[in-house]
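Engineer: Whenever a hint applies, use it, and build me the whole structure from the sequences.
Line order of the protein sequences matches chains A and B.
Counting from 1, one number per residue, gives the positions in the first sequence under the UniProt record's numbering.
Counting from 1, one number per residue, gives the positions in the second sequence under the UniProt record's numbering.
Incorrect hints may appear among the rest.
[What the hints assert, rightly or not] Dumping the calculated BS3-like pairs for lysine-lysine here, alpha-carbon to alpha-carbon at most 27 Å:
1. A:Lys143 to B:Lys229
2. B:Lys228 to A:Lys143
3. A:Lys296 to B:Lys23
4. A:Lys143 to B:Lys16
5. B:Lys229 to A:Lys203
6. B:Lys16 to A:Lys281
7. A:Lys143 to A:Lys29
8. B:Lys67 to A:Lys145
9. A:Lys281 to B:Lys229
10. B:Lys228 to A:Lys145
11. A:Lys319 to A:Lys288
12. B:Lys23 to A:Lys143
13. B:Lys228 to A:Lys203
14. A:Lys296 to B:Lys228
15. A:Lys296 to B:Lys106
16. A:Lys288 to B:Lys228
17. A:Lys69 to B:Lys152
18. B:Lys229 to A:Lys288
19. B:Lys16 to A:Lys296
20. A:Lys187 to B:Lys152
21. B:Lys255 to A:Lys281
22. A:Lys147 to B:Lys23
23. B:Lys228 to A:Lys281
24. B:Lys79 to B:Lys67
25. B:Lys228 to A:Lys110
26. A:Lys319 to B:Lys255
27. A:Lys29 to A:Lys3
28. B:Lys255 to A:Lys203
29. A:Lys296 to B:Lys255
30. B:Lys255 to A:Lys318
31. B:Lys106 to A:Lys110
32. B:Lys16 to A:Lys145
Read the hints as simulated data drawn from the structure, not as lab findings.
Only a predicted model underlies this, so the values are computations on that prediction, with no experimental measurement involved.
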Amino acid sequence: MAKKVLVLGETREGALRNVSFEAIAAAKKISGGGEVVGVLIGDAVEEFGAELVAYGADRVVTVEHPHLKSYTSDGYGQAFMAVVEQEKPEGLVFGHTAVGKDLAPKIASKLQAGLISDVTDIEGEGDDAVFIRPIFSGKAFEKVKLKDGIDFITVRANNIAPLERQERSGDVSSLSVDITNLRTIIKNVVRKSTEGVDLSEAKVIVAGGRGVKSTEGFEPLQELANLLGGAVGASRGACDADYCDYSLQIGQTGKVVTPDLYIAAGISGAIQHMAGMSNSKVIVAINKDPEANIFKVADYGIVGDLFDVIPMLTEEFKKVM
Amino acid sequence: MNIYVLVKRTFDTEEKIVVSGGKIQEDGAEFIINPYDEYAIEEAITVRDAHGGEVTVITIGNDEAEKQLRTALAMGADKAVLINTEDDVEEMDQFTSAYILAEYLKDKEADLILAGNVAIDGGSGQVGPRVADLLGINYVTTITSLSIDGEKVSIVRDIEGDAEELETSLPLLVTAQQGLNEPRYPSLPGIMKAKKKPLEELELDDLDIEEDDVEAKTETIEIYLPPKKAAGRILEGDLSNQVTELVGLLRNEAKVI
Ligand SMILES: Cc1cc2nc3c(=O)[nH]c(=O)nc-3n(C[C@H](O)[C@H](O)[C@H](O)COP(=O)(O)OP(=O)(O)OC[C@H]3O[C@@H](n4cnc5c(N)ncnc54)[C@H](O)[C@@H]3O)c2cc1C
Ligand SMILES: Cc1cc2nc3c(=O)[nH]c(=O)nc-3n(C[C@H](O)[C@H](O)[C@H](O)COP(=O)(O)OP(=O)(O)OC[C@H]3O[C@@H](n4cnc5c(N)ncnc54)[C@H](O)[C@@H]3O)c2cc1C
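Structural biologist: Set out below in structure tokens:
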């Protein structure tokens, strides 16, 4: 059966997030030839509608309201449920982002629906779609399906390939919703993450551990990351030692990332760190200690001092890129 | 203040995962309190010590979860509730868990409910928000700071690394993120006292829940381990040759740059 599937589009720094395009690709599969409808919620989001269409949405519904400037589960919950009532979808796809993780369980609860979170792959299409997700911090995987009712998933960034961008046309309509009774008031957001490439969506990550030894020690890593269009990450060892902010932490208690290339410098490879990066496509380890655990998951390893190796790598990439 | 903490028993983070007969093998594995739930317990105790009241820890599980509940009591919680589903339900999912927890909590007039933001085994992060929605109360996820002044609650929450400051009110459910506090270790006197603290055991019947009400909405078809990676290559030779070789491999063999 062809299904109608809604996709929540999210923006960051004035542009749609990649994970939203990936969510559209996932929705296409679930729809089995049905309709994919983008949903945009905010105070001024209409301008992003055309871009969702270019990435595969058939049309877009926007909900705009001054109370939707910042995300709150109440505000977005009311807005999204109004779209659900209008559209009566058979499937829903959100990104497994801060917003998606917070909102999806609420919507699932209101719809008395199942929800499959943090999906990294989809097998089959339409009614036969089966969802793959990591469990036990990536040490195992499960294949899950929804028994009946609405197909509702959140997708992990960087795992499901987006569709190719095309010039297409699709309707962008607005739905007016009265947003009332917000129980949470957002006062302020203190920016701690770095500008530019979003760590959870980065294709290349250069991560440093306690071996980086200081805040300044992260500079060569940042330089390499900039050159490769990537982002800098860190182990908890480096964060605990105050070499960098916790917003960079990767692992079981930090961010879970799956870039194409993960370069681990001065990171020993504790199991809790691996929980956040072991599913990266290619892993490079740079460590002084040939016995370091990180070499067990690395595709390529260099035994050496990161302060020699990283600048040499940067120079070598400059030559060939 | 009437405080509840949702606690899940999970595999120790260091545990190796073995799958046999389509299931994760539990024999011989070490179990712990889900690390995020430890933050939740610590915060609950701190709030109680500042504002008075009582901390009740609740888990859904089998007899073996009593150990984790005793640990929470030894940390300083006052009471524990084990909702034992072993004889009643075979398949559970997040809908099931949230429904059962909400049925237990619905007439408890909780002021504050704390949960972990995610369980490190199942990993969905759904249970907290679902419980709050079923109870009709507000929730705030991934919090790193909590202060309560009368009905007013000030919170800092982690949003993908940035810190969001917000205000809300009780009753409220929050989910804990790393950074909220440093969970205490149970003291020896704490462990002694915990043995005498009340631990109530309930079954679905006691909550007037029919098995049909809690039938899972999702179905796990298969559990498997990730394919074993071929052993990686440690490069050799002169360091500058290694670097040149690595760049070549990343471009031509792995094709990621
Ligand atoms: C419940 C729990 C949750 C946790 N969550 C996380 C998490 O989310 N993320 C995380 O990362 N950790 C986490 N940890 C911590 C984890 O167990 C490790 O302590 C941490 O990952 C170690 O960080 P590290 O590898 O940087 O430091 P170390 O283990 O100290 O390793 C430093 C490495 O640098 C190498 N080195 C030193 N100098 C150089 C040099 N000049 N050049 C090259 N190599 C050098 C050393 O040989 C060593 O291998 C968690 C722990 C627990 C108990
Ligand atoms: C008897 C039994 C049978 C099960 N059968 C299946 C099965 O067939 N298929 C399957 O996929 N899963 C099964 N499970 C696992 C279970 O459905 C999930 O682990 C559970 O729904 C929680 O989801 P989660 O791990 O994603 O937790 P999350 O939503 O990530 O947990 C977030 C927070 O919610 C709270 N929480 C979560 N679980 C509990 C709990 N049990 N008690 C108290 N608080 C909790 C904690 O505070 C936790 O930090 C079974 C579990 C039990 C006990």
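Engineer: Give a verdict on every hint.
Structural biologist: Checked hints:
Straight-line distance between C-alpha atoms of A:Lys143 and B:Lys229 comes to about 20 Å, which keeps the hinted pair within the 27 Å bound. A distance of roughly 18 Å separates the Cα atoms of B:Lys228 and A:Lys143; the hinted pair therefore holds under the 27 Å criterion. A distance of roughly 26 Å separates the Cα atoms of A:Lys296 and B:Lys23; the hinted pair therefore holds under the 27 Å criterion. A C-alpha spacing of about 20 Å is found between A:Lys143 and B:Lys16, which places the hinted pair at or below 27 Å, so the restraint holds.
Among the hinted pairs, B:Lys229 with A:Lys203 is consistent with the structure: their alpha-carbon atoms are about 20 Å apart, no more than 27 Å. Straight-line distance between C-alpha atoms of B:Lys16 and A:Lys281 comes to about 22 Å, which keeps the hinted pair within the 27 Å bound. Straight-line distance between C-alpha atoms of A:Lys143 and A:Lys29 comes to about 16 Å, which keeps the hinted pair within the 27 Å bound. For the hint pairing B:Lys67 with A:Lys145, the CA-to-CA distance comes to about 33 Å; that exceeds 27 Å, so the pair is violated.
Distance check on the hinted pair: A:Lys281 and B:Lys229 sit about 11 Å apart at the alpha-carbon level, within 27 Å; holds. In summary, the hint linking B:Lys228 to A:Lys145 is supported, as the alpha carbons are separated by about 25 Å, within the 27 Å threshold. Proximity of A:Lys319 to A:Lys288 is assessed by CA-CA distance (about 26 Å); at most 27 Å being required, the pair is judged to hold. Pair hint B:Lys23 plus A:Lys143 holds up; C-alpha atoms about 12 Å apart against a cutoff of 27 Å.
This hinted pair checks out: B:Lys228 and A:Lys203 have alpha carbons roughly 23 Å apart, not beyond 27 Å. For the hint linking A:Lys296 to B:Lys228, the alpha-carbon distance of about 11 Å falls within 27 Å, and the restraint holds. For a cut-off of 27 Å, the pair hint linking A:Lys296 to B:Lys106 is broken: about 49 Å separates their Cα positions. Simply put, A:Lys288 and B:Lys228 have alpha-carbon atoms about 25 Å apart, close enough for the 27 Å limit, and the pair holds.
About 23 Å separates the Cα atoms of A:Lys69 and B:Lys152, which keeps this hinted pair within 27 Å; it holds. Restraint check for B:Lys229 and A:Lys288: satisfied, since their Cα atoms lie roughly 23 Å apart, inside the 27 Å limit. Taking the CA atoms of B:Lys16 and A:Lys296, the gap is near 15 Å; set against the 27 Å cutoff, the hint holds. The suggested pairing of A:Lys187 with B:Lys152 holds, with an alpha-carbon distance near 14 Å, which does not exceed 27 Å.
Only pairs whose Cα atoms come within 27 Å are accepted, and B:Lys255 paired with A:Lys281 is accepted, the gap being roughly 10 Å. Among the hinted pairs, A:Lys147 with B:Lys23 is consistent with the structure: their alpha-carbon atoms are about 20 Å apart, no more than 27 Å. Annotation: proposed proximity of B:Lys228 to A:Lys281 holds, straight-line Cα distance about 13 Å (limit 27 Å). Distance hint between B:Lys79 and B:Lys67 is fulfilled; the C-alpha atoms sit about 14 Å from each other, no more than 27 Å.
The suggested pairing of B:Lys228 with A:Lys110 is violated, with an alpha-carbon distance near 40 Å, which exceeds 27 Å. For the hint pairing A:Lys319 with B:Lys255, the CA-to-CA distance comes to about 17 Å; that is within 27 Å, so the pair holds. Between the alpha carbons of A:Lys29 and A:Lys3 the distance comes to roughly 10 Å, so the proposed pair stays at or under 27 Å and holds. Annotation: proposed proximity of B:Lys255 to A:Lys203 holds, straight-line Cα distance about 12 Å (limit 27 Å).
A threshold of 27 Å between alpha carbons decides the hint, and for A:Lys296 with B:Lys255 the separation of about 21 Å falls inside it, so the pair holds. With a C-alpha separation of about 17 Å, the suggested pair B:Lys255 and A:Lys318 falls inside the 27 Å cut-off, and the hint holds. Only pairs whose Cα atoms come within 27 Å are accepted, and B:Lys106 paired with A:Lys110 is accepted, the gap being roughly 16 Å. At roughly 26 Å between alpha-carbon atoms, B:Lys16 and A:Lys145 fall within 27 Å of each other, so this suggested pair holds.
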